[in-house]
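*Asks:* Chain by chain, the residues run as shown.
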Amino acid sequence: MKAYLSALSPAARLTVWKTLLISLGAAVVQAALFFLVLSRWSEASPPILETLIRNGRLSLVFAAGLLLVCGALVLPGWDRGSKTGYTLRRLSVNEGKFSLLLGVQNALLLLVYWAIQLIALLLLSEYFLSTADPATVSHQSLFLACYRSPYLHGLLPLADWAVLLRNLSGCLVLGLACSAFCHHRRHGRKSGLLLPLAVVAAVGFPVYAGNPFLSLSSTIIFLLICLYFWKSLTGVHEDED
Amino acid sequence: MLVLSDVKKTYRQGTQALAGVNLSLGPGEIVGLFGENGAGKTTLMKCILGLLRYEGEITLDGAPITPKNIARLSFATCEHSFFPALTAAGHRDFYREHFPTFRNKRFAALMDFFQLPLNKTIRSFSAGQKNQFEVILALSQGADYILMDEPFAGNDIFNREDFYKVLLGILEPNETILLSTHLLEEVQHFIGRAVLLHQGVVAGDMTTSQLEDEGRSLMDYVKEIYHYQSDRVSRALDQLTDQKE
Numbered sequence: 001m002k003a004y005l006s007a008l009s010p011a012a013r014l015t016v017w018k019t020l021l022i023s024l025g026a027a028v029v030q031a032a033l034f035f036l037v038l039s040r041w042s043e044a045s046p047p048i049l050e051t052l053i054r055n056g057r058l059s060l061v062f063a064a065g066l067l068l069v070c071g072a073l074v075l076p077g078w079d080r081g082s083k084t085g086y087t088l089r090r091l092s093v094n095e096g097k098f099s100l101l102l103g104v105q106n107a108l109l110l111l112v113y114w115a116i117q118l119i120a121l122l123l124l125s126e127y128f129l130s131t132a133d134p135a136t137v138s139h140q141s142l143f144l145a146c147y148r149s150p151y152l153h154g155l156l157p158l159a160d161w162a163v164l165l166r167n168l169s170g171c172l173v174l175g176l177a178c179s180a181f182c183h184h185r186r187h188g189r190k191s192g193l194l195l196p197l198a199v200v201a202a203v204g205f206p207v208y209a210g211n212p213f214l215s216l217s218s219t220i221i222f223l224l225i226c227l228y229f230w231k232s233l234t235g236v237h238e239d240e241d
Numbered sequence: 242m243l244v245l246s247d248v249k250k251t252y253r254q255g256t257q258a259l260a261g262v263n264l265s266l267g268p269g270e271i272v273g274l275f276g277e278n279g280a281g282k283t284t285l286m287k288c289i290l291g292l293l294r295y296e297g298e299i300t301l302d303g304a305p306i307t308p309k310n311i312a313r314l315s316f317a318t319c320e321h322s323f324f325p326a327l328t329a330a331g332h333r334d335f336y337r338e339h340f341p342t343f344r345n346k347r348f349a350a351l352m353d354f355f356q357l358p359l360n361k362t363i364r365s366f367s368a369g370q371k372n373q374f375e376v377i378l379a380l381s382q383g384a385d386y387i388l389m390d391e392p393f394a395g396n397d398i399f400n401r402e403d404f405y406k407v408l409l410g411i412l413e414p415n416e417t418i419l420l421s422t423h424l425l426e427e428v429q430h431f432i433g434r435a436v437l438l439h440q441g442v443v444a445g446d447m448t449t450s451q452l453e454d455e456g457r458s459l460m461d462y463v464k465e466i467y468h469y470q471s472d473r474v475s476r477a478l479d480q481l482t483d484q485k486e
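As they're listed, the protein sequences go chains U and Z.
Under the working numbering, the residue at position 144 of the first sequence is numbered 144, and the numbers go up by one with no gaps.
One rule links them: number in the working numbering = place in the second sequence (from 1) + 241.
I should point out that these hints are in silico values taken from the structure, not numbers from a laboratory.
Check each hint, because a few of them may be wrong.
[Unchecked claim] Covered by chain U, per the in silico footprint, the following chain Z stretches (three or more residues, Cβ under 8 angstroms):
no., segment
1, 327-339
2, 428-442
3, 469-482
[What the hints assert, rightly or not] Straight-line distance between alpha carbons at most 25 angstroms, and here's what the computed SDA-like set of lysine to any residue pairs gives:
no., chain 1, residue 1, chain 2, residue 2
4, U, K97, Z, G331
5, Z, K464, Z, E416
6, U, K83, Z, Q254
7, Z, K361, U, L197
8, Z, K346, Z, I311
9, U, K83, Z, L359
10, U, K18, U, L197
11, U, K231, Z, L293
12, U, K83, Z, S450
13, U, K83, Z, R333
14, U, K231, U, L193
15, U, K83, Z, D397
16, Z, K406, Z, S450
17, Z, K346, Z, D334
18, U, K231, Z, E402
19, U, K231, U, G188
20, U, K2, U, V200
We treat Cβ as the ideally placed atom computed from N, Cα and C, and that holds for glycine.
Please construct the entire structure, taking both the sequences and the accompanying hints into account.
*Replies:* Shown next, in the form of structure tokens:
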């Protein structure tokens with residue numbers, strides 16, 4: 001296992017800091033938009049939390065950040081000026097297993113992105129609720145906003161385990177898609193699933209239809225695609241050159 | 242002993258790069274691999290390393306090359322195989338973890354010889370420095386068979402000549418070098434054997450001592466094998482001059 005962790009380290013060096021920077025950058029932009037909308041609100045009719053989130057288009061920033069993180073996660077596969085695959089394939093580690101572990105590492109980085117956006121939004125919510133007119137907010141305001149705002153619900157599904165499963169399987173499938181992209185590029189092949197998956201994840205994350213069936217269906221589809229990636233990464237291919 | 246038996250490689254588009262190569266490389270040999278562009282030199286090296294699928298058999302001391310014994314082979318390629326975002330020190334640590342026979346002393350000495358910085362990312366190196374670093378890694382891995390594919394493309398002649406001298410001084414008796422290059426005259430005093438590839442097969446294979454005994458230079462031998470037509474330039478010039486008229 002130590003050899004695998006060591007083999008993952010060059011990819012980690014390339015992606016971890018970039019993911020953290022994108023996550024923090026997205027959080028800062030969301031905060032700026034949140035305060036911009038808040039500052040323009042008329043005092044006559046105080047805003048509610050979910051309206052601020054919607055009008056600030058915070059979900060769009062999240063989606064853009066998610067696409068950027070996916071872009072950062074495929075950097076180990078770009079081989080700019082060097083064919084790192086020649087080195088990776090000369091190590092004593094199994095390349096298929098290595099790519100699967102890289103997929104898991106990517107999924108963890110996507111979870112970090114999700115966590116940082118969640119923390120940022122909770123801090124913004126906390127600020128808003130503590131400064132708002134006490135007559136317009138209650139200790140239930142955040143809880144209610146989590147069910148009224150599709151974006152906030154996606155970030156913090158609370159007891160909605162179907163959305164939680166969708167998000168977790170979404171991180172796993174995107175992480176594996178990024179790793180499969182790198183793996184196939186090293187072998188001179190193309191992997192076209194990453195872009196559509198990333199777009200679906202970015203667009204679909206803040207969509208909440210209030211129906212667990214949709215979330216569970218998404219989870220099952222994501223897990224089936226994960227299975228496909230597992231097979232494609234560990235299988236033998238004829239088109240090695 | 243690295244043995245290639247009837248190794249064939251046809252690319253998907255139908256190009257036959259290797260048409261049945263038979264070759265044996267013993268411990269301690271320094272072998273020059275020559276051939277015109279497209280002769281199959283790079284393909285041969287990639288087949289040995291398992292980077293390409295092939296027909297035929299390649300064995301290392303009788304065993305097929307697998308992840309178990311692949312560490313006995315190292316590769317320096319002009320395409321480069323380092324991690325651009327890692328520093329030289331990062332590569333040293335990475336190689337130490339994966340290749341237990343990594344030669345720390347040789348790595349340090351060669352870094353010093355080429356005056357390469359330890360703590361800069363390889364991405365920031367010049368083209369020549371990148372080639373030098375690629376070679377340093379291949380030589381420091383601790384491999385028994387060191388494959389080099391045009392390792393000094395883009396380096397100046399002083400660096401290349403000095404390097405060959407240093408290399409001869411540091412190589413241990415069991416280390417084998419397979420060096421693919423077009424720079425025949427530069428390496429003729431460095432190699433002990435010349436293997437000539439032509440249209441995917443070994444067209445010539447001779448030790449430099451055999452050549453010396455026969456009073457032939459490496460260049461003469463290569464020209465003879467490739468049926469070099471010494472009057473081709475004058476004929477071409479004549480034709481071109483006729484066309485102008």
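*Asks:* Could you run down the list of hints and mark each one as holding or not?
*Replies:* Tested hints:
1. 327-339: holds (count 5)
2. 428-442: violated (count 0)
3. 469-482: Answer violated; 0 residues pass the 8 angstroms Cβ test.
4. U:K97 with Z:G331: With a Cα-Cα distance of about 23 angstroms, the restraint between K97 (chain U) and G331 (chain Z) holds, given a limit of 25 angstroms.
5. Z:K464 with Z:E416: 29 angstroms, violated
6. U:K83 with Z:Q254: Roughly 22 angstroms separates the two Cα atoms, so the pair holds.
7. Z:K361 with U:L197: Not satisfied, since the Cα-Cα distance of roughly 36 angstroms exceeds 25 angstroms.
8. Z:K346 with Z:I311: Since the Cα atoms of K346 (chain Z) and I311 (chain Z) sit roughly 22 angstroms apart, the hinted pair holds (cutoff 25 angstroms).
9. U:K83 with Z:L359: Holds: K83 (chain U) and L359 (chain Z) sit about 21 angstroms apart, inside 25 angstroms.
10. U:K18 with U:L197: 21 angstroms, holds
11. U:K231 with Z:L293: Measuring from Cα to Cα gives roughly 21 angstroms; hence the hint holds.
12. U:K83 with Z:S450: 37 angstroms, violated
13. U:K83 with Z:R333: OK: K83 (chain U) and R333 (chain Z) at ~18 angstroms, within 25 angstroms.
14. U:K231 with U:L193: Within the cut-off at roughly 14 angstroms; holds.
15. U:K83 with Z:D397: This hinted pair holds, its Cα atoms lying about 24 angstroms apart.
16. Z:K406 with Z:S450: Holds, at about 19 angstroms.
17. Z:K346 with Z:D334: Roughly 13 angstroms separates the two Cα atoms, so the pair holds.
18. U:K231 with Z:E402: 49 angstroms, violated
19. U:K231 with U:G188: 18 angstroms, holds
20. U:K2 with U:V200: 35 angstroms, violated
The earlier numbered hints that this structure contradicts are 2, 3, 5, 7, 12, 18 and 20.
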